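*Asks:* Following the hints, complete the assembly by docking chain B onto the known chain A.
Number of protein chains: 2
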Amino acid sequence: MNDFAVTERTRVKRIHERGHYDRETVHAVLDAGMICHMGFAVDGSPFVVPTAYWREDDTVYVHGSSASRTLRSLRGGIEVCIAVTHLDGLVLARSGFHHSINYRSVMIFGTAELVEDADEKMAALKAFMDRITPGRWDEVRPPDDQEFKATMVLRVPLEEVSAKVRIGPPIDDDEDYALPCWAGVVPLGIAIGDPIPDPKLADGIPVPDYATNFKLG
Amino acid sequence: MNDFAVTERTRVKRIHERGHYDRETVHAVLDAGMICHMGFAVDGSPFVVPTAYWREDDTVYVHGSSASRTLRSLRGGIEVCIAVTHLDGLVLARSGFHHSINYRSVMIFGTAELVEDADEKMAALKAFMDRITPGRWDEVRPPDDQEFKATMVLRVPLEEVSAKVRIGPPIDDDEDYALPCWAGVVPLGIAIGDPIPDPKLADGIPVPDYATNFKLG
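Listed in order, the protein sequences are those of chains A and B.
Heads up, the first sequence is in the numbering used here, so the first residue is 2 and it goes up one at a time.
Heads up, the second sequence is in the numbering used here, so the first residue is 2 and it goes up one at a time.
With the rest of the complex left out, here is chain A (with noise of 0.2 Å):
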């Protein structure tokens, strides 16, 4: 798979070494998520939503409410920045200047343009709901008229792209490393708890696999 081309957007500047353009660590990062921050203007002002996102290839789908203010004013083709973080773990150094954070970041420059094709748009929620909890589509009502109306589908392609992220521990300044202070790093992730029945389920339905056994990525 061959890079995504490196624009003055995406190029990552400071601590360059951190920066990554090529499709594995950017699906990589992409496909471990599920919640992405999306920005954008509305008459000037910067809005910064959160919301749930899918990856195809190098298109990336958003979904939401045709009701909301956030999507009504994307769907004429706007310009957003999207932002995935996966905070890794704390990285506490010797000295104050150095103390850093270990994560895996994504940065998508594009125009969300409104998915209206109704076999896409079918076909792309069903691919979140499979990406997310396998085989859980076929066992649900489908959307019906009205709540398939009523859904939004946005797709930003992946183009201007870029990857960042820091491993590994601390760095510290060479005469730093003597001193008589603990340094380390404080792993973090996301903590998967054990699958909570509906309180009106109904008897004998047994708990999905995809649900005890849930993973992002």
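Bear in mind the hints are in silico, worked out from the structure with no lab data behind them.
Model, not experiment: these values are computed from the prediction.
The reader is advised that the hints may include incorrect statements.
Unchecked claim - Output of the computed footprint for chain B on chain A, the stretches with three or more beta carbons under 8 Å from beta carbons of chain B:
(1) 42-54
(2) 100-108
(3) 179-189
(4) 209-217
All C-beta atoms, glycine included, are put in the ideal place defined by N, C-alpha and C.
*Replies:* Chain B only, in chain A's frame:
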């Protein structure tokens, strides 16, 4: 504590019962995290940047490198939107349409201002470290002049802000409760691992309690 005034931008319109404007809720959601997504426009392009933040009373601080394109853009006092989001669970309903996410989020609109006073800036940096790892400020080497200048601290007042929270089981359409489909919540949260000492750590330095028992909020 009185509530934040509701504005056109902060009023939660869809599913308005999820909106909260009281200081207690807004502060609690902010204090449960440490990475926000900050959005702003540069030359008309939206940018969304993940960055560390902390709260003191009704002020949110962010910090970063003085060399950072992001913070340089903001130092002139431009408008930002800051989102903080905690993912609490995956809500599996009996219809595709009623699937949801349990979450706590805050959205702040305001102008980011550079903290120029050296005492205020140093106090803010200390407060940040004290909040994340209480007591560590006195153990590490404090910033020297060059590091202090290389660090930029910005403040955003909590004025135009709201929280949005979803908790609890799925809410299905009445006729769907009879479907033979599992429904409930897969809880999600932040996993905190055992501290990993720096491979270069000198012998005999114990792991501090704030690392062994790290918590957020």
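*Asks:* Confirm or reject each hint.
*Replies:* Right, here's what the structure says about each hint:
no., hint, verdict
1, 42-54, "holds (count 9)"
2, 100-108, "holds (count 5)"
3, 179-189, "holds (count 11)"
4, 209-217, "holds (count 3)"
Comparing the model with each numbered hint stated earlier shows that all of them hold.
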